[in-house]
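Protein sequence lines correspond, in order, to chains V and U.
If you read the first sequence in my numbering, its first letter stands for residue 1, the second for the next number, and so on.
If you read the second sequence in my numbering, its first letter stands for residue 1, the second for the next number, and so on.
In case anyone wonders, no lab produced these hints; they're calculated from the structure.
Remember, predicted model here, so these are calculated numbers, not experimental data.
Every residue, glycine too, gets a C-beta built ideally from N, C-alpha and C.
The reader is advised that the hints may include incorrect statements.
Said to hold, decoys possible - Simulated crosslink set (DSBU-like; lysine-lysine; CA at most 30 Å straight-line): (1) U:K22 to V:K634; (2) U:K164 to U:K18; (3) V:K633 to V:K369; (4) V:K506 to U:K164; (5) V:K569 to U:K177; (6) V:K545 to U:K113; (7) U:K18 to V:K518; (8) U:K142 to V:K545; (9) U:K22 to V:K616; (10) U:K18 to V:K466; (11) V:K633 to U:K164; (12) U:K225 to V:K506; (13) U:K177 to V:K450; (14) V:K416 to U:K87; (15) V:K506 to V:K452; (16) U:K177 to V:K627; (17) U:K18 to V:K452; (18) U:K217 to V:K569; (19) V:K466 to U:K177; (20) V:K518 to U:K217; (21) U:K164 to V:K467; (22) V:K452 to U:K22; (23) V:K466 to U:K164; (24) U:K18 to V:K634.
What the hints assert, rightly or not - Chain U regions said to be covered by chain V (calculated; three or more residues, Cβ under 8 Å): (25) 111 to 118; (26) 197 to 204.
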Amino acid sequence: MDNEQVKLSGQKALPPLKERLGAKVTAFVLLVLTACAAAGAIIGACLMLADGFYTRRPEDIKQELLGSFVWGDVVDICRDLAFGAAPDYSVEDTLGMTNLSCRVLSDELGVVFDDHDELSPSYKFNLQEVFIGYREDGQDIEYDVDVYINKSFPIKDKYYALNAIADTLLTLRYWIYAIALGSIIASILLFCFLISSAGHRAGRDGVGGSFLTKIPLDLFWTAVGVAECLVLELVLESGAMLSDAVAIILMCAFCVLSFCVFVGLCINFTVRVRMGKWWKNTVIYMLLHLLWLGLKMLVRGIGYVLRRLPLIWKTLLGFVLFALLSLMAVIPDYIGVRMGAWMIGLCLLFAAVVYTALVMRRLQIAVRKLARGDLSCRVDTRRMIGDFKEHGENLNSIGFGMTRAVDERMKSERLKTELITNVSHDIKTPLTSIINYVDLISKEDTDNEKIKEYTDVLSRQSERLKKLIEDLVEASKASTGNVDVSLAPCDVSVLISQSVGEYGEKLENAQLELLISKPEQPLMIMADGRLLWRVFDNLMNNVCKYAMPGTRVYMTLELSGGEAVVSIKNISKYPLNIKAEELMERFVRGDSSRSTEGSGLGLSIAGSLTSLMGGKFSVEVDGDLFKATLRFKKID
Amino acid sequence: MYNILICDDERDIVSALKIYLKDDNYRLFEAANGKEALEVIGKNDIHLALLDIMMPVMDGIETMVKLREQSNLPVILLTAKGEDADKVLGLNLGADDYITKPFNPAEVQARVKSQLRRYMQLGSGRIGGDTLVIGGVELDDKAKVVTLDGESVSLTPTEYEILKLLMQNANQVFSPKEIYARVWKDAPLGSENTVAVHIRHLREKIEIDPAAPRYIKVVWGQGYKMERGK
């Protein structure tokens, strides 16, 4: 990306301000300077406030300021006088000139010395009984001194300088707030810039730290703190030995140094925060982490041992622990400890018993559902532990396995149906030709009776094959539920009338008499009329095929216990030496010789279709009496 | 002279069909797959096509869909696929009739004849006010004559009345009791079973396959109705 920039602009682009070392160093120096200015301004303002720079008149302020310096001079002057010399201002001023003038009075001698010019306006300081020394007789030498300082300060001496300072301070006394405010704002801005630029460097994407950020944070801070304390100690020690001014300068230097260190720490911390997870690089975190790892391993180890322990051993262990707790209750000791131990043991036992009961209940419910055939039921093992969890999960995998087995079974049934359907298509094509050409042969003129007889057999058997294939597809679809069922209200008595219409002639041809008994009122059920007809069709077909000629067939419809019950009874042509349940199975027919027409699938289809529509189908055999019963729930 | 196309990949079935449809009035063409069938139809003026569904190169359904883009000649699907879903699909995609293998030769003959008559008479409607028409069934109430695809059908008076009732109220389902009350004009005291028998006879007379009726539909558990076609 840098290369691209160079190419585009034609000259080396400067990195952003944030990434330039020069800018940062400048900002740092400026920050120290502005911070010092701010501190100075604030301290100055505080001092001036304490000295009443804002409340008193400038005259009074100067009076006080000058007064604090006058005393020393006066003592010198008076000493000169006392020993007979004229006052020598040269002490104060090398030129021998001063703005000072004074009038010295003695109780005994009156005016001893006076060089004050009354005309010039002056600050006046009245000093009473200035002690000079002892006379020969041992008495104190004391003077009253009036000191004057010329207000126009014609001589550039110490007082002139003091006055100038006082004037400057007075001029500055309001400005100092602005200076303080300005420096503080500048400091904050610079500080912000330094913080925001922390960790950026030219030619590097993202944030990186120097080796200083590699040191654990708490260790780093402690080291810096200790170093600071040592330096402070050194400053204080040396300050006691040196003069005040030097000590103050040293102290200030220390403050500036501390500030620099503080800013450095801030930048360092910012870089750590930017690099992310700063707390990880601390000794405390490392220690806690180690502790946590150790604890985890310990717990895991205990868990591992507990898991490996057989259930019986676990129970024993729990019991032993409880017994120990209970034992503590009988050891003669403080009554409180004994009661406590006993109570804790009891509480633990109670909790264990309640937990076990709850989990057992949950498992019980799940197992009951599984036993009832609800294979989708799963045990919620989230809050179970140990053996309970394992038990629950085992139950779940049983359920899962059974579901999968059922699904696979359904799938294989479906595949079977598909296979049967496809095979039936393939069989039907050659069968078509067989049927057609048998038909054509039978239409040929021939006197050969045998050929006629044989073609009859061929024709009959090929028709039977056709029926068998169709029934096979239907039975396979019905038994796998691969049939569209659209339930609608349906009148059973109408259906019975219709069946009579469809089968009237067939029954007559089979020499059967159909007797019907049904209620006058319509009897409604929910069924798919088309499928229900298929059921009736199969049953009536069976009747025509297997009922003994010359007998009666009974078809009754009645309402019984909220159900519409249709029953069809007939006398079988052949002995029914077979159980009713077996008759319902596929490819089973009343006669084991299988010589008669029919596929043996009719009852199976009827049963499957009936249960698909939510009805019940049953077959009874009593001697030669065959009875098929259909039950459907009546609706209003 | 009608031109009939027989299309099946099984040569024996084509031959058998040619024997069954041998008629002075029919000229028969044959094709072994859908592509050939479309070529034959493009070259000749075909009046009816018998199409197998499962064929190599191009199957019957695809052939029919292509054919329907340019022609409305009658198409009878003749196939081993006998499931309801297959029938519905075939009829919805434009087939005029559906015969399942193994077929009854007489049924094929009858359906071919019926489709040809309806196709050739299409647009030559000359129906008076007293004539009821549903599909190929025409009932002239003045002359008391019923024709099926132009051929007269002889019905008993009861059958005629039942057919008239159903044709006058097409798409309406009548229960056996209602039909009895309106045709016999008498209270149906348990004698509605006779209605079913009459309907059965009626179906045998006007349906090619009474078990799979085209006109008189059995609504199982409810009654009977006639459906007005497309």
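Against the structure, the hints come out as follows:
{"no.": "1", "hint": "U:K22 to V:K634", "result": "55 Å, violated"}
{"no.": "2", "hint": "U:K164 to U:K18", "result": "38 Å, violated"}
{"no.": "3", "hint": "V:K633 to V:K369", "result": "27 Å, holds"}
{"no.": "4", "hint": "V:K506 to U:K164", "result": "27 Å, holds"}
{"no.": "5", "hint": "V:K569 to U:K177", "result": "26 Å, holds"}
{"no.": "6", "hint": "V:K545 to U:K113", "result": "34 Å, violated"}
{"no.": "7", "hint": "U:K18 to V:K518", "result": "51 Å, violated"}
{"no.": "8", "hint": "U:K142 to V:K545", "result": "45 Å, violated"}
{"no.": "9", "hint": "U:K22 to V:K616", "result": "51 Å, violated"}
{"no.": "10", "hint": "U:K18 to V:K466", "result": "22 Å, holds"}
{"no.": "11", "hint": "V:K633 to U:K164", "result": "37 Å, violated"}
{"no.": "12", "hint": "U:K225 to V:K506", "result": "24 Å, holds"}
{"no.": "13", "hint": "U:K177 to V:K450", "result": "52 Å, violated"}
{"no.": "14", "hint": "V:K416 to U:K87", "result": "22 Å, holds"}
{"no.": "15", "hint": "V:K506 to V:K452", "result": "26 Å, holds"}
{"no.": "16", "hint": "U:K177 to V:K627", "result": "28 Å, holds"}
{"no.": "17", "hint": "U:K18 to V:K452", "result": "24 Å, holds"}
{"no.": "18", "hint": "U:K217 to V:K569", "result": "29 Å, holds"}
{"no.": "19", "hint": "V:K466 to U:K177", "result": "37 Å, violated"}
{"no.": "20", "hint": "V:K518 to U:K217", "result": "24 Å, holds"}
{"no.": "21", "hint": "U:K164 to V:K467", "result": "36 Å, violated"}
{"no.": "22", "hint": "V:K452 to U:K22", "result": "24 Å, holds"}
{"no.": "23", "hint": "V:K466 to U:K164", "result": "37 Å, violated"}
{"no.": "24", "hint": "U:K18 to V:K634", "result": "54 Å, violated"}
{"no.": "25", "hint": "111 to 118", "result": "violated (count 0)"}
{"no.": "26", "hint": "197 to 204", "result": "holds (count 4)"}
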